[in-house]
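Participant: Residue numbers (this note's numbering), protein chains in the order written: chain A, 1 to 438; chain B, 1 to 438; chain C, 1 to 438; chain D, 1 to 112; chain E, 1 to 112; chain F, 1 to 112.
The hints are simulated quantities; they were obtained by calculation from the structure and are not laboratory data.
Possibly wrong hints are sitting among the right ones.
To be verified - Derived pair list, reagent style DSS-like, types lysine-lysine, alpha-carbon separation capped at 30 Å: (1) Lys295/B <-> Lys165/C; (2) Lys391/B <-> Lys349/B; (3) Lys79/D <-> Lys69/B; (4) Lys297/A <-> Lys85/D.
Said to hold, decoys possible - Label pairs and their computed distance ranges (CB to CB): (5) Ser385/C <-> Ala112/A: 26 to 36 Å; (6) Gly229/C <-> Asp71/E: 22 to 32 Å; (7) Lys79/D <-> Asp412/C: 51 to 61 Å.
Computed from a predicted structure; not experimentally measured.
For glycine and all other residues, C-beta sits at the position ideal for the given N, C-alpha and C.
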Amino acid sequence: MKRLPMLAFLAVLTLLMPAAWADAPTEPTLISVDKISAGDTAWMLTSTALVLMMSIPGLALFYGGMVRKKNVLATLMQTFAIVCVVTILWWLAGYSLAFTPGSKVLGGFSRALFNGMTFMHDPVNKLSVSHLALTIPETVYAMFQLTFAAITPALICGAFADRMKFSAMLAFMAAWSLLVYAPIAHMVWEPTGWLNIAGVLDYAGGTVVHINAGMAGLASCFVLGKRLGYGREAMPPHNLTLTLIGASLLWVGWFGFNAGSAGAADGRAGFAMLVTQLATAAAALGWMFAEWISKGKPSVLGIASGAVAGLVAITPASGFVGPTPAVIIGLVAGVVCFVAATSLKHALKYDDSLDAFGVHGIGGIIGALLTGVFVSKEISGVDGSVWIQLKGVAVTVAYGFAASFIILKIIDMSIGLRVSEEQEREGLDISLHGESIE
Amino acid sequence: MKRLPMLAFLAVLTLLMPAAWADAPTEPTLISVDKISAGDTAWMLTSTALVLMMSIPGLALFYGGMVRKKNVLATLMQTFAIVCVVTILWWLAGYSLAFTPGSKVLGGFSRALFNGMTFMHDPVNKLSVSHLALTIPETVYAMFQLTFAAITPALICGAFADRMKFSAMLAFMAAWSLLVYAPIAHMVWEPTGWLNIAGVLDYAGGTVVHINAGMAGLASCFVLGKRLGYGREAMPPHNLTLTLIGASLLWVGWFGFNAGSAGAADGRAGFAMLVTQLATAAAALGWMFAEWISKGKPSVLGIASGAVAGLVAITPASGFVGPTPAVIIGLVAGVVCFVAATSLKHALKYDDSLDAFGVHGIGGIIGALLTGVFVSKEISGVDGSVWIQLKGVAVTVAYGFAASFIILKIIDMSIGLRVSEEQEREGLDISLHGESIE
Amino acid sequence: MKRLPMLAFLAVLTLLMPAAWADAPTEPTLISVDKISAGDTAWMLTSTALVLMMSIPGLALFYGGMVRKKNVLATLMQTFAIVCVVTILWWLAGYSLAFTPGSKVLGGFSRALFNGMTFMHDPVNKLSVSHLALTIPETVYAMFQLTFAAITPALICGAFADRMKFSAMLAFMAAWSLLVYAPIAHMVWEPTGWLNIAGVLDYAGGTVVHINAGMAGLASCFVLGKRLGYGREAMPPHNLTLTLIGASLLWVGWFGFNAGSAGAADGRAGFAMLVTQLATAAAALGWMFAEWISKGKPSVLGIASGAVAGLVAITPASGFVGPTPAVIIGLVAGVVCFVAATSLKHALKYDDSLDAFGVHGIGGIIGALLTGVFVSKEISGVDGSVWIQLKGVAVTVAYGFAASFIILKIIDMSIGLRVSEEQEREGLDISLHGESIE
Amino acid sequence: MKLVTAIIKPFKLDEVRKAVSDVGVQGVTVTEVRGFGRQRGHTEIYRGAEYAIEFVPKTKIEIAVENGLLDQVIEAIIKSARTGKVGDGKIFVFDLVQVVRIRTGERDASAI
Amino acid sequence: MKLVTAIIKPFKLDEVRKAVSDVGVQGVTVTEVRGFGRQRGHTEIYRGAEYAIEFVPKTKIEIAVENGLLDQVIEAIIKSARTGKVGDGKIFVFDLVQVVRIRTGERDASAI
Amino acid sequence: MKLVTAIIKPFKLDEVRKAVSDVGVQGVTVTEVRGFGRQRGHTEIYRGAEYAIEFVPKTKIEIAVENGLLDQVIEAIIKSARTGKVGDGKIFVFDLVQVVRIRTGERDASAI
Ligand SMILES: Nc1ncnc2c1ncn2[C@@H]1O[C@H](COP(=O)(O)OP(=O)(O)O)[C@@H](O)[C@H]1O
Ligand SMILES: Nc1ncnc2c1ncn2[C@@H]1O[C@H](COP(=O)(O)OP(=O)(O)O)[C@@H](O)[C@H]1O
Ligand SMILES: Nc1ncnc2c1ncn2[C@@H]1O[C@H](COP(=O)(O)OP(=O)(O)O)[C@@H](O)[C@H]1O
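Can you make the complete structure from the sequences, with help from the hints?
Facilitator: Below you can see the structure in the form of structure tokens.
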């Protein structure tokens with residue numbers, strides 16, 4: 001997203017505003033408050049709340065319900081703590097590194113500590129806006145992007161559930177947020193980023209968020225190894241009620257994620273929401289029927305997983321494609337992710353415990369590529385190509401995996417990644433947090 | 001709703017726009033993007049998210065907490081799957097059948113596959129709007145209406161909980177959505193619909209949604225019969241915590257349902273939200289005190305049920321009445337639905353397991369009739385009458401019940417509606433979905 | 001809030017509107033509908049839904065998860081019933097007493113029964129607005145304020161969990177809402193209120209909501225005494241999953257609470273949301289690390305409690321301070337509230353069961369005072385001082401405690417406050433409500 | 001005195017309780033258990049991972065009786081608990097050396 | 001050796017455990033059970049449907065003891081578990097044929 | 001006939017069940033219990049309030065066997081349940097006066 005809606009706003013703005021305006025700023029700038037659209041701002045404030053709700057409680061519950069009862073609190077805590085840590089890092093440097101011009105691969109420090117992000121009250125009546133969203137206050141844009149930066153590392157937790165030390169998890173996520181998320185976001189979304197210049201399309205984060213998190217997840221299950229007793233002991237989800245609540249809140253919140261990525265309450269946002277709904281439903285049914293046919297029963301975990309796979313796959317495409325392509329993208333994602341999570345994983349014998357890679361990695365790749373196939377110039381005003389998309393995917397896959405792998409190895413060699421066998425047996429709730437649920 | 005707010009917008013619009021605009025379109029049309037109100041769009045995007053949240057997780061939890069532990073996942077799955085199926089049907093034909101002119105009883109196929117629903121990017125800068133909401137993109141209007149179409153069949157599930165086959169449930173809901181929901185919605189809300197022409201008032205769906213679902217529920221408990229051991233074995237709700245979460249999310253989401261039915265962020269929406277809050281609180285207290293007095297204790301299930309009864313009853317009235325009438329409507333609904341769910345049902349000896357009819361059918365009828373009594377011309381700009389309302393109620397009661405009954409019988413004779421006795425005993429979670437909660 | 005954003009709007013409005021407008025109304029008035037901002041209205045409708053979600057299910061779950069299993073439903077019911085009761089009282093007189101001019105300490109009855117709150121439909125096209133929010137319908141402003149009035153008494157419940165009669169609880173909350181909440185809200189927020197005139201700054205309710213509720217909580221644990229077996233029997237939280245869901249929804253909803261207190265979708269709202277996020281994260285981490293260091297383990301209850309402490313502390317400051325002060329306010333609140341809830345309470349030996357005072361009272365005082373330290377004239381257009389803040393705190397502490405204490409004593413002497421020993425042993429779910437969870 | 005222990009199908013609990021009350025039993029203690037036997041469990045599949053749940057939910061009831069009442073109680077349980085399908089369960093009888101009613105300190109016969 | 005089984009009121013568990021430890025018991029096994037007896041249950045009403053919950057939550061404790069310790073243990077339980085109200089529960093004593101400590105394979109006396 | 005009762009570590013259940021099946025046991029009844037013994041529990045801290053959780057989760061299995069099978073079963077349990085760490089649990093053996101299979105009314109040996 002970002003770059004294109006920016007053009008979109010400009011297009012619209014130029015119709016309404018003094019010609020002078022036509023040449024758009026390329027970095028955060030001060031504008032007069034009356035240039036702010038209350039309508040756009042209202043929707044972006046709302047979208048920010050919705051995306052935060054995706055992480056807490058949405059994702060936390062989605063994962064929490066799938067683990068064993070002795071690990072549920074530890075799992076919820078991971079997402080909650082990640083949101084807190086990323087918030088502080090975003091303020092320190094993350095936002096600045098991702099969304100200020102800087103170089104082709106990383107932004108600068110001009111916005112560190114949200115330095116220069118102002119609202120000058122009457123009588124001055126000026127405030128700063130991001131060059132990526134000219135009709136809303138920069139504070140709102142920075143908050144909206146913060147919620148993306150927060151949920152992305154939290155997605156990774158699904159891969160290493162039940163066995164990572166909390167301290168190591170915090171260290172990994174902090175490093176990952178600055179060293180992996182910020183650069184990829186900059187390259188793909190910031191106009192000066194080289195993948196953005198190359199024309200890679202990623203409306204709401206299929207590449208930056210999902211492929212990126214999926215690869216980090218894959219790296220983590222290689223580095224950590226399997227859960228104790230994996231394959232021998234039964235490890236059924238302890239309470240899918242939580243998982244279904246989580247999936248539902250992810251779905252609802254995703255409207256903020258995708259339609260919010262329009263940066264405005266406009267026709268583009270409307271389309272993004274509509275195709276998100278269609279792809280999600282198609283994917284949920286795709287997974288459900290694939291499972292029903294191949295395993296004999298349609299499961300709650302299946303339909304919920306399918307919905308998430310659809311949400312992931314439509315994310316990069318949401319502002320670019322029409323209804324029918326959305327249904328196709330959803331169906332493909334639902335069926336392919338079903339295969340990835342139920343067969344591929346068991347075939348390749350790695351323990352991606354809650355399928356962070358199987359759903360977000362695979363689903364993200366499907367979405368990124370199909371965006372190139374189905375992008376509609378009418379809706380988005382741009383062209384795309386599978387090859388350019390493939391380039392974005394390849395870079396993210398390679399960098400996301402390698403960088404995550406290295407960070408994890410370093411932490412493992414320093415403070416150690418994995419809990420002791422007794423702790424794992426007793427369960428992380430009691431051993432790491434000294435708490436348990438009745 | 002729909003027709004009247006449309007007039008409202010026009011009223012407002014005419015003040016602001018070229019005279020040419022005064023004669024309003026009677027079918028979806030293309031307009032220039034700058035005719036779109038970002039503020040109205042922001043609120044309608046938000047309302048859509050809120051109404052989806054009513055279904056998942058709201059309604060799913062409201063019902064899920066009331067069933068026995070062995071059926072909770074199956075109950076959650078029903079609502080979730082219905083949302084997915086209706087989404088696809090809405091795209092295929094549902095939206096077109098309900099909200100394009102067509103005949104007096106049903107719309108046409110002009111919008112099948114959302115055909116013609118476009119957003120033409122810069123430089124064209126036009127997009128399509130529905131003739132029922134001229135200041136927001138048609139995509140947003142279609143999505144908003146989709147969430148109504150999705151929750152309505154899900155409400156029915158409360159009547160046949162714990163005993164219907166999942167496959168039969170899918171078939172029934174698919175048929176019902178196209179054969180019962182779409183026509184009723186068209187007749188009541190689309191300007192060409194005969195009940196709309198007749199002047200039936202239904203602001204946000206008391207008739208279309210609640211009476212309709214309530215009657216289908218009643219039909220289903222006649223066709224399916226009672227749960228195994230009903231009346232003999234204890235069947236207490238297994239976890240009212242879920243039910244209270246569900247009732248709360250229904251309440252919050254209902255602001256999108258009622259205030260969103262204004263189609264805009266305006267004075268009408270504000271009034272709709274205010275009266276919704278008043279009626280809900282009055283009904284919750286009404287039910288609670290009625291129970292306290294007659295049974296000796298105020299219960300959590302009681303206050304939650306009362307709140308839902310109030311939400312149902314104020315739905316058709318929300319854009320038409322002032323504060324004091326809202327309190328009266330709420331009180332009446334709370335007390336009458338209490339009697340319906342606690343005495344009437346046991347007297348008539350049908351097993352409306354979670355009171356889909358007792359709350360939505362009865363509550364909807366109360367609301368529809370009292371709308372005729374309390375409608376305020378000042379607020380709504382229209383008159384109403386109990387007799388005209390009665391007409392709308394009668395048609396919906398008759399058609400809703402008969403059509404549902406027939407569809408159910410056909411499914412019963414073909415694939416069969418009810419699970420086997422063993423499956424029902426073992427619980428639907430394990431027998432239908434192969435899952436269970438700890 | 002209120003008074004200052006009002007000025008803000010005026011500032012903005014004056015730039016856009018006929019000079020006549022410059023002198024602002026000092027009481028609710030009728031204006032033409034086209035003076036309403038759809039964007040501001042959209043955000044305020046949304047904020048209202050968010051703040052309601054904070055109470056139900058947010059706060060209900062936050063508290064419900066912390067009690068013993070036998071009391072969870074009773075705890076959920078308290079918040080739900082309070083929302084209903086306060087809604088009716090707000091309509092009867094509460095809103096009028098708080099937000100119409102009246103005297104320096106209390107408003108008048110001009111808006112009792114929402115009398116005069118109108119929306120006159122086409123062709124008149126006028127509606128009433130509050131003098132405290134001139135760009136949104138008065139219905140929306142009254143609803144937004146209603147959600148504040150509803151959550152405040154519900155916060156108190158944390159102090160007397162597991163031992164108060166439901167009937168006594170209803171009586172206390174009804175009295176408290178009219179005799180304590182309304183006057184304090186009037187004094188602090190209504191331009192004619194003496195603390196407002198004195199220049200006390202309370203953007204979103206640190207004083208009115210949190211200190212006020214915290215002191216009532218403290219009073220109630222003195223009047224009621226400890227839970228049976230307190231200190232001897234183990235009383236661990238039965239299900240922190242619920243508490244974490246609650247904390248998460250409080251966080252998300254708080255964006256409506258703080259950013260909504262701007263009364264508009266503008267730069268002020270954006271800043272309020274941003275600093276809310278920063279302070280919350282800082283406080284959550286502050287509490288977590290303080291606990292980790294002093295008790296050896298970081299707990300889920302700890303990080304969740306810290307987040308709430310941060311939300312409380314930033315509430316009065318949210319529209320007044322910049323990012324870095326927000327982080328400082330959060331850190332201080334997280335650490336100090338940790339000490340208050342874990343040591344102070346045990347030292348002073350009162351049973352503030354779920355730390356209503358420890359978190360809301362202490363956190364509110366910290367926030368109110370630090371607002372005086374960090375207020376930025378650039379952002380808010382006003383100056384503040386710790387001494388003026390201290391005045392506001394002192395008045396609220398004194399009046400809130402004394403009035404609550406007296407009301408409780410009167411109820412205790414009349415109908416009695418506390419359940420019988422058997423009821424407390426058996427658990428309130430069964431003894432008061434005749435229900436239980438599996 | 002004897003302690004009669006029966007493992008039964010959970011949904012039969014109410015019937016059995018009534019049946020034994022009818023023959024004069026005044027107290028019963030019930031425990032939720034899981035049973036493994038001829039009656040097979042079921043399989044659950046989560047994202048392709050199949051788990052064979054070998055244990056079936058059962059309910060265990062314990063009744064202390066005087067020798068005189070033993071046979072009637074056993075008969076009552078058999079009659080009320082039987083469905084004829086595999087998994088109906090078992091009855092185990094033990095000798096009781098001593099019984100005490102905590103409230104009164106009464107022993108044996110009078111304590112039951 | 002004997003196995004002492006006591007059905008007590010749940011909130012008495014800690015007291016009883018301390019009491020038996022004081023007389024030298026080193027191990028206890030506890031089970032959550034539901035009891036039917038002189039003490040009545042309660043009724044729950046859900047939307048007009050009344051359910052009589054006949055069973056009361058109880059806690060069952062099992063203690064293997066050498067014969068020498070039997071009487072002291074019984075006394076300790078009676079003292080600590082008694083409230084004097086109906087529902088205080090029962091103590092059942094059984095003969096133990098054999099006891100084994102799994103960790104060491106020790107038998108009988110030394111295994112307790 | 002004897003009833004063999006074993007208190008074991010929960011995660012050992014599957015192994016033990018397989019082990020006893022291998023020596024010919026056809027039925028087992030399992031109960032979730034909590035144990036107090038040499039193995040210590042843990043502490044939980046909630047907002048500064050420390051709770052010592054003295055009881056450790058354990059699993060209790062009950063197996064009715066004919067005398068002939070007794071020793072093999074005990075051996076099988078010891079082998080499969082042992083970790084060598086404190087808390088491995090205990091085996092208690094009782095005399096069974098009578099066994100009935102509810103479905104068929106069969107008694108004793110043939111009922112097991
Ligand atoms: N030898 C045994 N020891 C202990 N419990 C047993 C034994 N055999 C059966 N059971 C219990 O009885 C239940 C029913 O036994 P099963 O063999 O399934 O059917 P049936 O009772 O009809 O033979 C089992 O689930 C188990 O709980
Ligand atoms: N005959 C019995 N067999 C098994 N358990 C019994 C028997 N009688 C009582 N109990 C258990 O003891 C508990 C207390 O007994 P009850 O009759 O209620 O009070 P009291 O122990 O004071 O006589 C019951 O809930 C039940 O669990
Ligand atoms: N005297 C006893 N009576 C009943 N149960 C016992 C007794 N001693 C031990 N147990 C049970 O056995 C379990 C293990 O015993 P413990 O002393 O912890 O370790 P070990 O079995 O290695 O000696 C305890 O948790 C308890 O459930």
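Participant: Each hint should be assessed against the structure and marked as holding or not.
Facilitator: The hints, checked one at a time:
1. Lys295/B <-> Lys165/C: Given that 30 Å is the threshold and the Cα spacing comes to 17 Å, the pair holds.
2. Lys391/B <-> Lys349/B: holds, 28 Å
3. Lys79/D <-> Lys69/B: holds, 28 Å
4. Lys297/A <-> Lys85/D: It holds: about 25 Å lies between the C-alpha atoms, which stays within 30 Å.
5. Ser385/C <-> Ala112/A: 26 to 36 Å: Holds: the Cβ-Cβ distance is about 31 Å, inside 26 to 36 Å.
6. Gly229/C <-> Asp71/E: 22 to 32 Å: holds, 30 Å
7. Lys79/D <-> Asp412/C: 51 to 61 Å: Roughly 56 Å apart at Cβ, these two residues keep to the hinted range, so it holds.
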